Amino acid sequence: MENKELISCRNVCVNYGSLVAVDNISFSLNKGDYLCIVGANGSGKSTLVKAILGLCKPADGEIVKSCKGIGYLGQQNVIQRDFPATVREVVISGCLPQNILPLYSKAEKKRAKEEIYKLGLEKLTKKSFKELSGGQMQRVLLARAFCAATELLILDEPVNGLDPIVTDELYSIVRNRNREEKLTVMMVSHDIHRAVQNATHILHMNNQAMFFGTAEDYKKTPLYNEMTTVETCSTHACTHCGSDCTASHIRVGVYHS
Amino acid sequence: MIKILSLFSYDFILRALIAGSLVALCSALLGVILVLKRYSMIGDGLSHVGFGAIAIAMTLNVTPLVVSLPVSLAAAFFLLRISSKDSGIKGDAAIALISTSALAIGILVTSVTCGLNTDVTAYLFGSVLALSNLDVWLSIILSVVVLTLFIWFYHRIFAVTFDEPFATASGISSSRYNRMIALLTALTIVIGMRLMGAMMISSLIIFPVLTSMRVFKSFRSVTISSAVLSVICFFIGLVTSFIWSAPAGASIVVANLVMFLIFATVGKIRK
Numbered sequence: 001m002e003n004k005e006l007i008s009c010r011n012v013c014v015n016y017g018s019l020v021a022v023d024n025i026s027f028s029l030n031k032g033d034y035l036c037i038v039g040a041n042g043s044g045k046s047t048l049v050k051a052i053l054g055l056c057k058p059a060d061g062e063i064v065k066s067c068k069g070i071g072y073l074g075q076q077n078v079i080q081r082d083f084p085a086t087v088r089e090v091v092i093s094g095c096l097p098q099n100i101l102p103l104y105s106k107a108e109k110k111r112a113k114e115e116i117y118k119l120g121l122e123k124l125t126k127k128s129f130k131e132l133s134g135g136q137m138q139r140v141l142l143a144r145a146f147c148a149a150t151e152l153l154i155l156d157e158p159v160n161g162l163d164p165i166v167t168d169e170l171y172s173i174v175r176n177r178n179r180e181e182k183l184t185v186m187m188v189s190h191d192i193h194r195a196v197q198n199a200t201h202i203l204h205m206n207n208q209a210m211f212f213g214t215a216e217d218y219k220k221t222p223l224y225n226e227m228t229t230v231e232t233c234s235t236h237a238c239t240h241c242g243s244d245c246t247a248s249h250i251r252v253g254v255y256h257s
Numbered sequence: 001m002i003k004i005l006s007l008f009s010y011d012f013i014l015r016a017l018i019a020g021s022l023v024a025l026c027s028a029l030l031g032v033i034l035v036l037k038r039y040s041m042i043g044d045g046l047s048h049v050g051f052g053a054i055a056i057a058m059t060l061n062v063t064p065l066v067v068s069l070p071v072s073l074a075a076a077f078f079l080l081r082i083s084s085k086d087s088g089i090k091g092d093a094a095i096a097l098i099s100t101s102a103l104a105i106g107i108l109v110t111s112v113t114c115g116l117n118t119d120v121t122a123y124l125f126g127s128v129l130a131l132s133n134l135d136v137w138l139s140i141i142l143s144v145v146v147l148t149l150f151i152w153f154y155h156r157i158f159a160v161t162f163d164e165p166f167a168t169a170s171g172i173s174s175s176r177y178n179r180m181i182a183l184l185t186a187l188t189i190v191i192g193m194r195l196m197g198a199m200m201i202s203s204l205i206i207f208p209v210l211t212s213m214r215v216f217k218s219f220r221s222v223t224i225s226s227a228v229l230s231v232i233c234f235f236i237g238l239v240t241s242f243i244w245s246a247p248a249g250a251s252i253v254v255a256n257l258v259m260f261l262i263f264a265t266v267g268k269i270r271k
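Protein chains in written order, with our numbering: chain D, 1 to 257; chain R, 1 to 271.
Keep in mind that the hints were calculated from the coordinates and are not lab data.
Quantities reported herein were computed from a predicted structural model and do not represent experimental measurements.
All residues carry an ideal CB built from backbone N, CA and C; glycine is no exception.
Hints may contain errors.
No more than 30 Å apart at the CA atoms, straight line, and that leaves these computed lysine-lysine pairs for DSS-like [stated by the list, open to error]: (1) LYS118/D with LYS217/R; (2) LYS130/D with LYS217/R; (3) LYS126/D with LYS37/R; (4) LYS110/D with LYS182/D; (5) LYS37/R with LYS127/D; (6) LYS127/D with LYS271/R; (7) LYS271/R with LYS130/D; (8) LYS109/D with LYS217/R; (9) LYS106/D with LYS130/D; (10) LYS68/D with LYS57/D.
Some residues of chain D that are not near chain R, with every Cβ distance over 10 Å (derived) [as the list claims (entries may be wrong)]: (11) LYS4; (12) CYS13; (13) ASN24; (14) LYS113; (15) LYS118; (16) GLU169; (17) ASN176; (18) HIS190; (19) GLN208; (20) THR214; (21) PRO222; (22) LEU223.
For reference, chain D alone in the conformation it holds in the complex (with noise of 0.2 Å):
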């Protein structure tokens, strides 16, 4: 039951317009791993996610999803801003039935109310969705995400645009769910350093996959390298500021790859 294989993708290509974004793509995630997918922009992270969710088409190869309960948390952007909603009402949309009956059971609505105890949201229950800060949307999201999320947890840069405490927060959120709930957790990042922290297995991807494997032993490659010696660390000002560091990090340079 431990090395349950969850997704598998064998040789995926996806075509973003005329561009091939995703090339010839394999790699596998088991029950408890903690994948963090990097590398620089536009090199088809996001794209691959999408096409795990079944929201873009691979042009070739092949996406084995063999869990339902899948929660995601895209980029902040995505969502309007204007939407009546409360916040229960977006938080226990998470929990959408599988039966196709019309209302919510007593356990779906036991479980979106645990969710938003457990993301301190008690306080925010009947407020406006369009009324919160963007820390708060997101940890909203993410209690979304999770109420989803029964066997595995996607985020597509979860924390871009939110300031470093809450960016803090929203990560150890998801490692602790991770070690102590043995969550499945795939997630797009740019922070390398987290990545490299919280991880079991990276991905790194620029357009083809450059390296997969444990997190371990993705420092041991000249692509870690790279990766964190263009970023500086806006805590020590320093672009060296050693692995264990957990501020938030600037990239400043532009990748080498």
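For chain D, the structure is supplied; the task is to place chain R on it using the hints.
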């Protein structure tokens, strides 16, 4: 008061009241989805396409509904496609292009053959006299279908409307819901067009939800308020049109406008 009561003794007014309030109810519910999904122009586009189809039907001397229903349904799917996918022309521009073209073709066809007679203007600006018993039955069937689907799929509709990628990711077939909404919208518009007129039917879709959003903050309250407001405004509009012998469609739109202004003021004061 007596005048208002005497209203109900006319068969045509009764037909307009039943069919109209049911269409108002359906369009308000569908409107919540369309407006929030940024598809409100689809309603406008569909009504113009419907008018074009009716004009051609009248020239060919066939029952308008026989032509306008399939044409509008086809147009609904087509408009949905171009507004959701990145085609060559941007969605809103494409819809404007199609709707004005359909309107122009309709007007050309009628003016070349039979001229812009009262029948055509009745379809353009609506008429309470135009409703037949068939329309009443159609609107009853439509509203039963819309209400049932809306209540049954309420939570899924919310999920798809709020965040389509998330809904798709968690296993809901979003495109199926979009098609269902497009189909119901096309039906509502074709049936409601006779009363409201091709030029004004889209107001029934857009006004109630925008009005409700001034004051209400949750999806559920906006939905319920839209449905209630739409029927109330329809009733007020129809009664005033009868009292002042004004066109029904225009009166209903103005009733909606007044309601919007009231709600906008209340919303401002509350802040």
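Now for the hints, and whether the structure bears them out:
1. LYS118/D with LYS217/R: Holds, at roughly 24 Å.
2. LYS130/D with LYS217/R: holds, 9 Å
3. LYS126/D with LYS37/R: This hinted pair holds, its Cα atoms lying about 23 Å apart.
4. LYS110/D with LYS182/D: holds, 20 Å
5. LYS37/R with LYS127/D: holds, 22 Å
6. LYS127/D with LYS271/R: holds, 14 Å
7. LYS271/R with LYS130/D: holds, 14 Å
8. LYS109/D with LYS217/R: Given that 30 Å is the threshold and the Cα spacing comes to 21 Å, the pair holds.
9. LYS106/D with LYS130/D: Distance ~27 Å between LYS106/D and LYS130/D Cα, so the pair holds.
10. LYS68/D with LYS57/D: holds, 19 Å
11. LYS4: Non-interface label on LYS4/D holds, nearest chain R Cβ at 19 Å vs cutoff 10 Å.
12. CYS13: Per Cβ check, CYS13/D is outside 10 Å of chain R; nearest 20 Å; holds.
13. ASN24: holds, 24 Å
14. LYS113: holds, 16 Å
15. LYS118: Holds: least Cβ distance 19 Å, greater than 10 Å.
16. GLU169: holds, 21 Å
17. ASN176: Holds, since 22 Å exceeds 10 Å.
18. HIS190: holds, 20 Å
19. GLN208: holds, 25 Å
20. THR214: holds, 27 Å
21. PRO222: Non-interface label stands for PRO222/D: nearest chain R Cβ at 35 Å, farther than 10 Å.
22. LEU223: holds, 29 Å
In summary, this structure violates none of the numbered hints.
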